[in-house]
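Engineer: Here are the chains, one letter per residue:
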Amino acid sequence: MRFTKLGKKQSNVGLAPGTLVHVGEKKAERIVISLWAYNSEELIEKELQTVEECLAFKDKPGMNLWVNVDGLDQIEVIEKLGSYFKIHPLTLEDVLNTGQRPKMEDYDSYIYTVLKMMLLDTEKEEILIDQVSIIIGPGYILSFQEREGDVFDPLRERLKNPNSRLRKAGVDYLAYGLIDAVIDNYFLILEHFGEKLEYLEDELVRDPNPSTLKTVQKYKRDMILLRKSVWPLRELISGLQKVESELIKETTQIYLRDLYDHTIQVIDSIEAFRDILSSMVDVYLSSISNRMNDIMKVLTIIATIFIPLTFVAGVYGMNFDYMPELRWRLGYPAVMLSMALIGIIMFLYFKKRRWV
Amino acid sequence: MRFTKLGKKQSNVGLAPGTLVHVGEKKAERIVISLWAYNSEELIEKELQTVEECLAFKDKPGMNLWVNVDGLDQIEVIEKLGSYFKIHPLTLEDVLNTGQRPKMEDYDSYIYTVLKMMLLDTEKEEILIDQVSIIIGPGYILSFQEREGDVFDPLRERLKNPNSRLRKAGVDYLAYGLIDAVIDNYFLILEHFGEKLEYLEDELVRDPNPSTLKTVQKYKRDMILLRKSVWPLRELISGLQKVESELIKETTQIYLRDLYDHTIQVIDSIEAFRDILSSMVDVYLSSISNRMNDIMKVLTIIATIFIPLTFVAGVYGMNFDYMPELRWRLGYPAVMLSMALIGIIMFLYFKKRRWV
Amino acid sequence: MRFTKLGKKQSNVGLAPGTLVHVGEKKAERIVISLWAYNSEELIEKELQTVEECLAFKDKPGMNLWVNVDGLDQIEVIEKLGSYFKIHPLTLEDVLNTGQRPKMEDYDSYIYTVLKMMLLDTEKEEILIDQVSIIIGPGYILSFQEREGDVFDPLRERLKNPNSRLRKAGVDYLAYGLIDAVIDNYFLILEHFGEKLEYLEDELVRDPNPSTLKTVQKYKRDMILLRKSVWPLRELISGLQKVESELIKETTQIYLRDLYDHTIQVIDSIEAFRDILSSMVDVYLSSISNRMNDIMKVLTIIATIFIPLTFVAGVYGMNFDYMPELRWRLGYPAVMLSMALIGIIMFLYFKKRRWV
Amino acid sequence: MRFTKLGKKQSNVGLAPGTLVHVGEKKAERIVISLWAYNSEELIEKELQTVEECLAFKDKPGMNLWVNVDGLDQIEVIEKLGSYFKIHPLTLEDVLNTGQRPKMEDYDSYIYTVLKMMLLDTEKEEILIDQVSIIIGPGYILSFQEREGDVFDPLRERLKNPNSRLRKAGVDYLAYGLIDAVIDNYFLILEHFGEKLEYLEDELVRDPNPSTLKTVQKYKRDMILLRKSVWPLRELISGLQKVESELIKETTQIYLRDLYDHTIQVIDSIEAFRDILSSMVDVYLSSISNRMNDIMKVLTIIATIFIPLTFVAGVYGMNFDYMPELRWRLGYPAVMLSMALIGIIMFLYFKKRRWV
Amino acid sequence: MRFTKLGKKQSNVGLAPGTLVHVGEKKAERIVISLWAYNSEELIEKELQTVEECLAFKDKPGMNLWVNVDGLDQIEVIEKLGSYFKIHPLTLEDVLNTGQRPKMEDYDSYIYTVLKMMLLDTEKEEILIDQVSIIIGPGYILSFQEREGDVFDPLRERLKNPNSRLRKAGVDYLAYGLIDAVIDNYFLILEHFGEKLEYLEDELVRDPNPSTLKTVQKYKRDMILLRKSVWPLRELISGLQKVESELIKETTQIYLRDLYDHTIQVIDSIEAFRDILSSMVDVYLSSISNRMNDIMKVLTIIATIFIPLTFVAGVYGMNFDYMPELRWRLGYPAVMLSMALIGIIMFLYFKKRRWV
Ligand SMILES: [Mg+2]
Ligand SMILES: [Mg+2]
Ligand SMILES: [Mg+2]
Ligand SMILES: [Mg+2]
Ligand SMILES: [Mg+2]
Ligand SMILES: [Mg+2]
Ligand SMILES: [Mg+2]
Ligand SMILES: [Mg+2]
Ligand SMILES: [Mg+2]
Ligand SMILES: [Mg+2]
Ligand SMILES: [Mg+2]
Ligand SMILES: [Mg+2]
Ligand SMILES: [Mg+2]
Ligand SMILES: [Mg+2]
Ligand SMILES: [Mg+2]
Ligand SMILES: [Mg+2]
Ligand SMILES: [Mg+2]
Ligand SMILES: [Mg+2]
Ligand SMILES: [Mg+2]
Ligand SMILES: [Mg+2]
Ligand SMILES: [Mg+2]
Ligand SMILES: [Mg+2]
Ligand SMILES: [Mg+2]
Ligand SMILES: [Mg+2]
Ligand SMILES: [Mg+2]
Ligand SMILES: [Mg+2]
Ligand SMILES: [Mg+2]
Ligand SMILES: [Mg+2]
Ligand SMILES: [Mg+2]
Ligand SMILES: [Mg+2]
Ligand SMILES: [Mg+2]
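Here the protein sequences come in this chain order: A, B, C, D and E. The numbering used here numbers the first residue of the first sequence as 1 and each following residue consecutively. The numbering used here numbers the first residue of the second sequence as 1 and each following residue consecutively. The numbering used here numbers the first residue of the third sequence as 1 and each following residue consecutively. The numbering used here numbers the first residue of the fourth sequence as 1 and each following residue consecutively. The numbering used here numbers the first residue of the fifth sequence as 1 and each following residue consecutively.
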C-alpha cells in the first residue's frame, strides 16, 4: 500500500491532460464546502450546500473570500467551482491527483500551490497525510483537502478576531497563514520523532534486539518519505517570493522569508535525524556483534579447557594390560591434580592474554 | 546481453558521421509506416506502402501531418523520409542508433527529441524498452520506433474525436501528447515495482532467503537502468520549454510545465525506491545474521553444557585401581546427581546472562 | 532531551506570526540588561534596572550604544525594548525562539543576525550552547543571550581602552567583534575535540573496547550538531558582506572577509574530524574482529588437535575381548607416542600453513 | 608502475616552465612524421624524413595541412616543429608530458587539445593508453602521439575519398574527426567491459571464488582510471563549442554537439558500470557468507547431535561397582535405543526450527 | 599533535583582530632574512642582519625586490617589515598564524597568498609542512616561511641566470615561480605515495596482516590532510587569474592557466588515491575473512569427522554385561573398519559438496 503510492497517478494514464479523475485513496465519503468572507469590519462564515451559493460572494470589492473544500470525490462540484473561478483544467487535475509533489505554479490569473499536510494520530502512532491545494486569486483563496479535519483551527480563531492582521491584510496573507500552519505542524511531527529517537537510543544501550533495528529501519523510511514532502517546499516558497505577480503583496514578503527560514529548519532537522538514524544502525550492529562475541568467547573457552582434560581422562580409561600408573596407589589423585593444574594454567593463560 | 548494451554504438565506429547504420538489436523484421493527416474538420488515417505516398500530404496548409515508422531495419526507407523532410544525417544516425540518451536538439528547421518508451510485459515480468524518436517540424511530426506496439493508442482514440484539443491544436501539442503518453506509462511501471517491493518486504520479514536478496539486487540494477532513461528527461523537457523556436507555441508551454512536473515525480519515486532497496539489503543481511547467530548460540550452548559433563563421565571411566568413589554404594547416583546439578547451574547461568 | 531540540518550535505552533513566546529550555531565572555607550572620548557602562533607562542614551549623535540582554524569560522587557527600537515582531519572535538556524536578515532599518555561542564546560565535559541574537541598527547594537556568561569579556576589556579600534569605529565594527568572538571560541572547542581524538586514537591501538566505540559515536553525533551550527555561518557572513545597507561600512568589509576565512577553517576542521571519526569506526571494527579471530583461531586449534587424540584414547577404551594391542607389553607407551606424534604433526602442519 | 603514473610529472620538477623534457614511459624508439596536405581536388600523403620538409606545405592558401608525429623522444624534432608553427613552450611542454588531463586551451593563434586514446590489446587483455595532442591552427593540424599505431585509419581512408566531407571542409572538421575517432573507440572498450561483466556475473552465481572478487576489484580500478580520462572530455568539447575563435567554423558546431552527446553516453556507461560493479561486490560477499554459513551450520549440527550421545556413552563407560543398568539384560539395547531417540528428536527439533 | 593542529588558532582567541602572535609550533629558533634585488642586468643577493637594510632596495624603479623571511618567532621583525611595506595587520596576523587555509586576498595595494609547502623527509618517512605566505606588491615580493629549507633552490639558480625569463619579467612572474615550485613538489610527494601504494598492494596479495591495514588507514588520513591543503589551491589560482589588479600582468596569465591545470592534476591524483585506498580496505577485509574462513572450515571438518567416531568408540567403551559385539572374535576389527568407513564417507560427502 505504502510503496504503490510512490508509483501513483495510474488511473488517469491515457486520458487527455486536464481530464478530471480523483486519483488516490478515497479518504472521505461526503464533501464539505465552507466559505469565509471577510474584511476588517465584517466576517461571514457559512457551510455551503451547493457550489452556486459562493457566487454571491465572488468579486465583491473590499471583501476577501476563502472557500475550503474537504473531500475530492464529487468531481462535478470541483469542476463547477473551477469553472466559476476560471481555473485551468491542469490545475484541477493536480488538485484531484493526490500524488503531487509540493510545488507552486503561476497561472497569471491565479497562483496554484500544493503541499502535504501531516497530522499525527498519536493513538495509532501514525502520520496521516492530507494533500492541500491552495489557489490564490485576486480577492479569493480556494483550498482543497482530501478529508475533513485540518491544522487550520487556530487560524480560523484568529480570523474571528477583528483586530488581527489576518482580517486587515489581503488573501495573500491568508495563503501565507495556511502554509505557515502546515509547516508549523511539521515541527510537532519532528518533535514526536525526536522523543521516539531518544527512547530508541536508550533501548540501543540497554537492550538492543532485532525489533529495535526494525524500528530504526522504519523511522529511516519514514524520513525518506517525509523528506520527499519537505524538500520541495523550499522551491515552493522561494517561488512565491520571486513570482512577479500582483497577487502577492510587498508587505507579505517578510512573512514568506520567515516561512522559508522555518522550512530550512525542518529540512535541517530531517537531515540530522537521518544521520542519527544511520549511526544508530551502526551502533546496533556493533553492539549485537559485541554481545555475540562475548557469548562465543566464554563458551569456546569452557570447551577448550575441558577438551584436553577429557583427553587425559580418556587416556586413563584405556584398557591396556600394562599401564603402570593405573596400579599406583596415588595415580588417581595425581591425575586429578594434574588435570586441575592443566585447567588452571590454561585459564590463567587465557586471562593473561585478556581473552576472558 | 544486458551490459553490452551499455557499451553500445559499436558497429558504426570508424564510419563517417551521418553514415546510416541500424545499431542495436533487430527487434522488427518488417517496417510499418502509418500516416495521420488532420485538422479540426478532417482526419485521414492511412498505412503507407511506400514512403513516397506521404509526399501528397506534406506542406498542405492548415493540415497537421503525423508519420509514424515502426521498425528501423530498412535504412533506405528512413533515408528517403529524411531527404523528403530535409532531416540532417546526424539526426537520422541518432534515430537508427538505439543507444541514445534521452535528449532534445534544435536543428532550427525542426526539433529532434529522443526518449525511451517502456512497455511492461506482465507475463514474462520483463520491461521492453523501445527507443522513440520524435521530429517536430513545421506542420508535421515524424516518429520512429524500434518495433510495432506502443503506448499511443489512447492518443489515437482522442485524435479521432473532432472536438478534442488534439485536433484543434498544432503538431507541437501532438508532440506533447506523445511524450506525455510515454511518461504516463512510467507511472504504471513504477506502480508495478511498488507492488513487487511490498511483496519483497513481506518476504524479508517472513522468510528471508538468498533468492530474496537476489531479487533485491535485480531491482536495484533495474533502477540504475531506469534512472538512466528518466534523469535526462528533465533536461529534454526544460529544453523544449526554453527553446527559442516558432515550432513550440506559447499555449503549449503550460502543458510542458505539467510534463516537467510529472518527470520530477517519476525521478522522485525512482530515488525513493533506490533508498528503500538499499535499506532492504541492510534488513536482509542483519536478519540473516540474526538467524545464524540464534542457531549458533543454541548449538554452542548445548555443546558447552555437555562437554564438562562428558569430562566427568570420562574421569569415572578411568581404570585406576584405587579410585574410592567407584567402590561407594551411592557413587553412581551421586555422580549422576552432580552432573545434573552442573548442567542445571550452567544453564541457569547462561539464562541469567541472557544467552539463551 | 537532545533530539527533541531538533524538532523544536512547538509551543508557538498555531499562534499568529510575531506572537512573542519564549521557546526553548529556561536557562535563566532573571534577566540582566547591561548598557555600554561609547565614543572615542567617553565610555559609559551601566547595568539597567528598567528598560526605560536606555532611552536616555538612544539617538545621541556621535555616541555608539550597545545594549546586551541576558535571559529571555521576561517577554515584556524584550517587547518594550523592541518597541523602543522599532524591531519587527518576526525578529523578536526569532530572538525568543532558541531553535534558530544561524542566519542574517536585512530589515532595512536594521540588520538581524543570530548565531550559536558555544561554551566548553571543561569540568562536565559538556558544550553549552547559547543562542546570541545581534541587531545592528543605526548607532546601536542590541544583543540577546539565553543566560549570563559569554565569550565577550576580552572584547569588553578592549572597549575600555580609549585607543582601541573598537572605540574609534562604529557599531558595525562592534558587531563584527561580537561575531568574531563567537567564532574564535569555536577554535577552542575544536582544539578540545582534537585532543580528545588523539587520546581516542591511542586507545584504539592500545585497547579497543566497546566504550571506545561509544565515544567515537558520541563525537560523531557532536560533529553532526556542531556542523548544523557552523555551516550556515558562511551564508550569514557572506550575507553581511553583500548586504546593500549603510549600516555596514566599507572599512569593516576587510574584517568580514577575515571572518569568512575563519568560518571556512572551522568548517574544514569539522569535515576533517568527521572523516577521521568515520575511519576510526573502521579501525575499531577491524581491530575488534582481528582480536576475536585470533582468540577463536587458537582455541579452535587446541580443540582440533585434541579431538583426534581423544578418539584414539576412546578406541583403546573399548571393551572388546579380542583387542590384541591391549595385551602387548609396550601397547600403552606405543599409543602414547603415536598420539604425541599425531599432535606434533598436526601442530607443525598448522604452523606451516601459518594458522598458528 | 600503475600508481606511480598517477603521481607523474616528476622529472621536470624544478625546471623553468616551458623547458622541454619527455616525461613518461618511453613507448617508441624512433619518431615517425607523416604529412597529409589536401583540399577537395588534391591530396598529398608523405612520410617526412626531416621536419624541414613540411615547411614547403605550410601557409599554402586553399590547402589543409595535417602533420602527425608518432613518438615523443626526439625533443629537438618537436622543438623545431614548434618553432616553425610558433607554438608556445608551455604547449610543447604539455605535448611531451604524458600525464596530461584531457583539456582544451585557446592560445589565440591556435587551439591546443589533449586527450587519451585507448587501444584495446585483445590478446593481452590490456588497454594501451596513448596521449594524443591536437593543435588546431589556421589551415593546419599538428597531432602528436606517444607511439605508432592509432585509431585514425578509417579517417585516413575517408580522407582519400575526394567526395568525402573531410576533403571539402576545413581543418576544424578534421580535428573533429580525430577526436570523434578517439571517442568512438571508447565504445569498443566499454563493449568489451560489458562482455566481461556479463561473464563475471555468471561466475558470481555459478561459482563465486576469491579470484572473481579480485577481477571485480580490478575492473573497479580500471573504471576509476577510465573515468579520469573521460570526465574532462565534457569540458574539452564544450570548450571547443564555446570558444570565440575563427579556427572553429559555425558549420562544425553541429558535429561538436554530437560529440558532446557521445561523451555523455560514455560517461553514463562508466557510471552504470561502476554502480553494477559495486553491487557485484555486495553479491559476492553475501553469497560467500551464505555458503560459509551453510557449511558451518551443517557441521555444527552434526557435532551438536553427537555430543550428548557421547556423554551418554561416557556415563555407561564409568567404572562404578554399583551401576544396576549395566547388569540388566537389555541395558545395552535400551541405551542404544534411547540414544537413537535422542538423536532423532534433536534432528527433528532442528528441522522444525528450520535449522537444517 | 596532529589532530590538535586541525583545531588551531587558539592562542590569539580573544585578542583584537590584527594583534600579532605567532600561532603554531615553534619550528625555528632564529630568523633568517634574505634579499634578492634584480633586473635583467643586475642581481644583488644578500642575507640581512637587520630589517632596516632592505629599505635601501625598496622603491628602486626598474628593480625587482624579493625579501624572504625564514622563521616567524621574532614578531617585532615581521611587524617592522609590515610597517615598511604598509602591510595590513590582518595580513600579518595570517602570516604568523600557521593554521591558514590556502587562499588569495586582494588588498588593493598588494595581493596576499598563503599556501602549504610540503617537504618529504625520505629518511623519517615524514612529510614536513611549512606554511608559505607570499605578498605581491608593486615591484616587490615578500615571502614568509616557518623555518629554513625550502623548494625554491632551482628557482634561485634560474634567477642567477641573466637570460632567464625570471630576470626579464616582473615580480608577478617570480610569484608564479614560487607557487609553481610548491605545486611541482606535490608531484614528488604523490609519486612517493604512488610507490608506497604499489608496495602495499603487493603486500595485500602476498601477506595481508593487521599492519597492512594500519598503513592503509594511515595513508587514507594523510590523503584527507593533503586534500585539505590542495583543494583550496584551485580557488587561489583562479583568484589570481580573475583579480582585477595591475600587479598581475597580462603575460603572466598563460602561466597561471598552466598552474591551474597542474593543481587539477594533483587533485585528480589525490582523489584517485583515495578511491584506490578505499578499495584496498575492502580487498584487505575480504582476504582476511577468506583466510579465516579457510582455517575455520578445515578445523571444523576435522572435528566433525572425529566426533561421531569418538561416539562409536564411546559406545564400545560402555561397561554393560551383555554387549554381544564385545565378545565377537572380529568385533574390534569390524568396528575399526566401520569407523574408517564412516570417516571416509563423511570426507567424500564434504568433498562432493565442495566444503573441503
Ligand atoms: Mg541547513
Ligand atoms: Mg541541511
Ligand atoms: Mg541534504
Ligand atoms: Mg547531511
Ligand atoms: Mg550536506
Ligand atoms: Mg554512507
Ligand atoms: Mg524531487
Ligand atoms: Mg530527487
Ligand atoms: Mg536521497
Ligand atoms: Mg539523486
Ligand atoms: Mg535526492
Ligand atoms: Mg574548505
Ligand atoms: Mg570544506
Ligand atoms: Mg558535507
Ligand atoms: Mg571532506
Ligand atoms: Mg571538506
Ligand atoms: Mg572525477
Ligand atoms: Mg547521459
Ligand atoms: Mg551521467
Ligand atoms: Mg556521475
Ligand atoms: Mg548515474
Ligand atoms: Mg551519477
Ligand atoms: Mg548512487
Ligand atoms: Mg569536498
Ligand atoms: Mg585533471
Ligand atoms: Mg578533479
Ligand atoms: Mg577527480
Ligand atoms: Mg570524496
Ligand atoms: Mg572528486
Ligand atoms: Mg568517486
Ligand atoms: Mg562508505
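Honestly, the hints are just simulated from the structure, not real lab data. Remember, predicted model here, so these are calculated numbers, not experimental data. Any given hint could be a false lead.
Taking lysine-lysine and the BS3-like style, the derived pairs with C-alpha atoms no more than 27 Å apart in a straight line are [said to hold, decoys possible]:
1) D:Lys228 to E:Lys196
2) B:Lys26 to B:Lys46
3) D:Lys228 to A:Lys297
4) C:Lys214 to B:Lys297
5) A:Lys297 to C:Lys351
6) C:Lys196 to A:Lys297
7) C:Lys196 to E:Lys46
8) A:Lys351 to B:Lys26
9) B:Lys26 to A:Lys214
10) B:Lys103 to D:Lys297
Engineer: Return the numbers of the hints above that this structure violates; sort them in rising order.
Structural biologist: 3, 6, 7, 8, 9 and 10
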